[in-house]
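Asker: Chains B and P supply the protein sequences, listed in that same order. Residue numbering for the first sequence is 1 to 449, as defined by the UniProt record's numbering. Residue numbering for the second sequence is 1 to 449, as defined by the UniProt record's numbering.
Source of the hints: derived by calculation from the structure; they are not laboratory data. Please note that a few of the clues may not be correct.
One copy or any two copies: either way a pair holds, since identical chains are not told apart in the list.
Cross-link-like lysine to any residue pairs, in silico, SDA-like; alpha carbons within 25 Å at most [unchecked claim]:
no., residue 1, residue 2
1, LYS82, ASP428
2, LYS82, GLY426
3, LYS77, THR57
4, LYS77, THR164
2 protein chains.
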Amino acid sequence: MSDNEHDTDGQVTEAQRAALRLANVDEADRNAALRSIADAIHEHEEEVLAANAEDVTEAEAMLERGEYTQALVDRLKLDASKLDDIAGMVESVAEQDDPLGATLSARELDEGLELYRVAVPIGVIATVFESRPDALVQIAALALKSGNAVILKGGSEANESNRTLYRIIREATDGSFETLPAGWAQLIEAHEEVDRLLELDDKVDLVMPRGSSEFVSYIQDNTQIPVLGHTEGVCHVYVDEEADLSMAEDVAFDAKVQYPAVCNAVETLLVNESVASEFLPGLVERYEAAGVELRGDAATREIVDIGEATEADWRTEYGDLELSIKLVSDVYDAIEHVNANGSKHTESILTENAETAEAFMTGIDAASVFHNASTRFADGYRYGLGAEVGISTGKIHARGPVGLEGLTTYKYYLEGDGHLVATYAGEDALPFTHRDLDTDWTPGRRAGE
Amino acid sequence: MSDNEHDTDGQVTEAQRAALRLANVDEADRNAALRSIADAIHEHEEEVLAANAEDVTEAEAMLERGEYTQALVDRLKLDASKLDDIAGMVESVAEQDDPLGATLSARELDEGLELYRVAVPIGVIATVFESRPDALVQIAALALKSGNAVILKGGSEANESNRTLYRIIREATDGSFETLPAGWAQLIEAHEEVDRLLELDDKVDLVMPRGSSEFVSYIQDNTQIPVLGHTEGVCHVYVDEEADLSMAEDVAFDAKVQYPAVCNAVETLLVNESVASEFLPGLVERYEAAGVELRGDAATREIVDIGEATEADWRTEYGDLELSIKLVSDVYDAIEHVNANGSKHTESILTENAETAEAFMTGIDAASVFHNASTRFADGYRYGLGAEVGISTGKIHARGPVGLEGLTTYKYYLEGDGHLVATYAGEDALPFTHRDLDTDWTPGRRAGE
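Input sequences plus hints: build the corresponding full structure.
Answerer: Right, dumping it as structure tokens:
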């Protein structure tokens with residue numbers, strides 16, 4: 001039976017079943033399966049590229065008819081070097097620390113009654129992604145490493161590439177690892193099945209969309225499944241009156257120019273009005289030499305000759321060599337602007353005054369708030385999280401750059417010796433000891449051993 | 001201007017503004033405000049009871065017309081002793097450890113570039129609750145302790161009680177604490193505003209419903225705001241062939257009879273078929289003497305003379321002195337039954353065999369899995385979590401009994417000295433050190449200090 005004969009509900013149910021078994025596959029087997037996937041991608045390189053070429057030919061025809069953009073075609077295209085990178089990414093996921101099994105806390109409730117909180121997989125993770133076939137491999141690898149079953153739904157423009165990569169992943173893992181449950185990964189192809197998938201909030205535990213802001217927004221607005229992701233990064237750099245202006249110029253430049261297309265690049269520069277005339281001319285010259293298109297508020301434009309910013313500019317993620325500049329009266333004015341216009345992603349203050357830094361860092365509601373550093377540091381790799389699962393601007397479950405820990409939850413294990421609640425209730429109730437333990441839960445342990 | 005003149009959107013916006021300031025109110029001020037609320041509840045006891053009497057009179061009229069149930073009227077009714085308990089609860093929340101400000105992790109990214117992950121409030125929490133006016137006070141207290149603004153929406157049957165308690169809370173905190181922002185608590189009265197509130201998923205960070213299973217289900221199905229709560233507890237006790245049968249009898253009895261109305265009481269008893277005829281007769285006699293109504297599958301009814309269980313029984317939370325019994329062939333049969341029929345709340349195995357215990361505990365997907373202990377231990381107080389915020393059967397953010405930690409998230413603080421990402425990119429890229437630190441972030445600290 002081919003996977004096309006399943007319906008989405010059936011596939012998700014199969015993934016749920018597989019998830020229960022996958023949760024107990026040990027680290028060595030999960031890593032061996034990941035290495036087997038990486039090897040298989042190398043071995044089947046020609047096959048993947050041939051399938052991808054079919055997709056690209058079709059997409060280029062759509063491009064000519066004006067139905068696809070060049071950017072979409074570019075994202076779709078694979079080559080031998082990109083495939084090497086993808087296989088290398090899978091290998092690096094295998095090398096990460098195991099996110100499962102750690103005892104997160106341990107507490108004696110009473111003599112012989114011990115409570116353990118242990119990291120376990122979430123269950124069933126779904127991904128819905130546009131164009132890039134590497135998203136399929138990346139999310140499958142992260143899910144397998146963290147013991148989660150995964151539902152993969154790519155865009156129709158990458159159907160052949162996705163189908164081939166999925167088959168390679170399944171063939172590389174089915175059978176060769178006795179403990180790995182078949183069905184841990186499921187590919188959904190039919191476009192109309194996306195909406196059905198997004199309805200299955202009682203069966204799918206987390207969805208990780210990959211694509212444009214509009215695409216992620218669409219997913220967020222059309223499902224009750226928790227979404228791990230972010231739609232936009234409207235990040236700010238605030239240059240305080242007590243900033244080291246030379247440092248501030250370098251940081252403001254790095255935050256915009258080093259890589260403007262990403263979500264942690266700065267979009268609006270806030271400058272304390274008392275240092276603006278000293279600070280701005282040099283920076284503006286440097287920005288303009290790098291090709292940055294600048295727009296400012298009226299006060300800024302009295303100092304430097306740049307375009308006019310509209311209200312919309314303060315909430316725009318340019319994702320390009322564009323920047324808006326606004327003067328503020330003090331750090332509180334800056335905080336107010338950021339809290340009103342930012343996207344809770346990453347904000348940075350430049351100041352030599354520790355109290356001012358404190359006011360900014362504690363006063364702003366964002367996943368990451370920096371002092372004297374470029375916003376571009378907000379990234380799972382730079383943070384040392386290992387594999388980056390995504391960046392979340394939500395506040396529930398995981399916030400900011402998210403590592404494999406974001407694909408885990410916990411379970412309480414209580415080890416007793418026939419303990420009854422009646423013993424701890426009523427007139428002769430015994431008290432609890434509630435004493436922290438430094439022991440790990442080991443499967444099958446008995447309390448007090 | 002009275003609060004009635006606000007619309008829900010305006011109140012939520014006011015709460016958002018207050019949340020930004022409340023996040024930085026120090027522990028002593030938050031605790032002083034809580035104690036002030038507790039005192040005010042004592043002082044205004046007569047006023048609260050008078051308002052509650054109005055609600056009760058109205059509700060009793062509705063009861064006579066068959067529109068309300070006796071249970072609703074009972075939940076609604078306050079008396080001096082209940083008010084004392086409520087004030088005592090607020091005081092105990094003040095005495096809890098501060099859930100805010102702790103450095104959860106610290107890492108050097110490079111020399112002078114230090115990343116801190118610090119516990120902060122979530123932002124705006126909403127509660128929607130039925131009948132019990134104590135839910136209003138409890139959630140307001142938990143929110144204030146954890147630095148979150150709160151939106152309170154009670155049922156119309158408790159309008160007078162809620163309005164009075166809300167006014168007392170506001171009067172006890174507004175003004176007397178300079179740092180506490182007015183607007184941190186908002187009461188919504190109009191029934192039609194519930195749906196509006198549930199739509200505000202971009203402004204409300206978490207909703208905590210309090211009420212019946214049906215009520216919590218309604219909230220979950222009608223909002224994209226993350227919900228902290230649970231709808232039902234279909235908990236199991238499995239008696240293995242290697243159980244200490246005397247211990248098993250006591251635990252199975254405690255799990256049902258000690259307090260049958262709560263979500264962590266057992267609903268289905270699974271018994272290994274090889275010990276059923278030895279185990280069941282004595283337990284059934286004890287259950288029946290305690291007034292428990294029993295229903296069993298065919299195999300069980302060959303051993304003991306009890307009613308017949310239907311398929312629906314396996315998924316029913318009786319919440320009462322009722323229990324279903326099923327024989328299983330081994331631990332894997334038990335695991336399969338639980339994973340298919342349970343509500344991921346709390347499950348317990350009785351066995352002296354550590355490997356069998358391991359199979360059950362790791363094989364079942366539930367928030368709490370116990371070995372030789374009553375399911376009734378699944379509770380924030382017994383777990384030593386301090387104040388119980390709720391019990392979650394979801395897997396995202398918080399699972400099982402949830403303490404004040406469940407009302408917090410984290411924020412990354414990065415302290416640098418003008419660090420640029422360009423330094424760590426390209427051909428001459430410097431490596432990161434990614435070294436764990438054991439220092440706490442202190443507001444305004446400079447990296448390396």
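Asker: For every hint, state whether the structure bears it out.
Answerer: Verification of the supplied hints:
1. LYS82 / ASP428: Cα proximity of LYS82 and ASP428: across copies only (22 Å, versus 69 Å in one copy).
2. LYS82 / GLY426: between (67 Å within a copy, 18 Å between copies)
3. LYS77 / THR57: within (10 Å within a copy, 72 Å between copies)
4. LYS77 / THR164: within (14 Å within a copy, 65 Å between copies)
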